[in-house]
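Peer 1: Make the full structure from the sequences, and use the hints.
Take the sequence shown: its position 42, counted from the start at 1, is 42 in this note's numbering, and no numbers get skipped.
Treat the hints with care, as some may be off.
What the hints assert, rightly or not - Calculated lysine-lysine pairs in the BS3-like style (CA-CA distance at most 30 angstroms, straight line):
1. K126 <-> K12
2. K126 <-> K13
3. K13 <-> K123
4. K112 <-> K20
5. K12 <-> K114
6. K114 <-> K13
7. K126 <-> K112
Quick caveat, the hints were computed from the structure, so don't treat them as lab data.
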Amino acid sequence: MNKIILSEWERKKYGDYVDKLRKYPDCFEYCVLPNYEDHMETEQTECIQLDDCFAVLMRHAGHYILVALLFDVEWETRQVLEWLDRWDVRCMRQTNETLLISHANDVVEQIKFKDHPLLLIEKGSKTLLLDPEELIDVADVYEQYKKINNTGLAEDVIVESD
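Peer 2: The following block contains the structure:
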């Protein structure tokens with residue numbers, strides 16, 4: 001069981017993130033869509049690296065959606081929570097029209113995966129514009145491998161008071 005001690009203030013700040021965080025033997029998984037494996041029409045995921053994390057995408061109803069983020073097991077739980085509080089990953093629908101990126105200070109990394117814009121954003125209060133035609137599609141250089149992810153090995157992150 002993975003435990004973290006948080007102050008009352010930190011519980012309020014990170015509480016939503018902790019509730020969606022799972023620890024595997026080889027990584028942390030933040031479930032953008034909780035229990036996504038129970039609700040999707042396919043079990044195949046695509047993991048695309050954005051800076052220090054991996055965006056986990058699943059195909060649903062003809063397009064990709066972001067279902068989770070993976071972080072290296074070497075990270076401390078608190079590092080993952082701090083990262084989630086500062087950064088956001090967004091997978092957008094295929095489009096040729098200018099994208100409106102709200103609640104952002106900056107777009108730190110911007111790529112496409114099979115024509116879906118995939119963005120690493122520093123959270124903030126601005127609205128930014130982004131031309132999807134300028135993004136490079138990484139699907140051609142994407143390395144595929146098969147991995148069975150046994151969700152039975154996942155442990156919830158338990159919060160304890162300080």
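Peer 1: Against each hint, give a clear statement of whether it holds in the structure.
Peer 2: Hint check:
A distance of roughly 24 angstroms separates the Cα atoms of K126 and K12; the hinted pair therefore holds under the 30 angstroms criterion. The straight-line distance between the Cα atoms of K126 and K13 is roughly 21 angstroms, inside the 30 angstroms bound, and the hint therefore holds. The straight-line distance between the Cα atoms of K13 and K123 is roughly 14 angstroms, inside the 30 angstroms bound, and the hint therefore holds. At most 30 angstroms may separate the alpha-carbon atoms for a hinted pair to count; K112 and K20 meet this at roughly 26 angstroms.
At roughly 37 angstroms between alpha-carbon atoms, K12 and K114 are farther apart than 30 angstroms, so this suggested pair is violated. Proximity of K114 to K13 is assessed by CA-CA distance (about 35 angstroms); at most 30 angstroms being required, the pair is judged violated. About 22 angstroms separates the Cα atoms of K126 and K112, which keeps this hinted pair within 30 angstroms; it holds.
This entry does not satisfy hints 5 and 6, going by the numbered hints stated previously.
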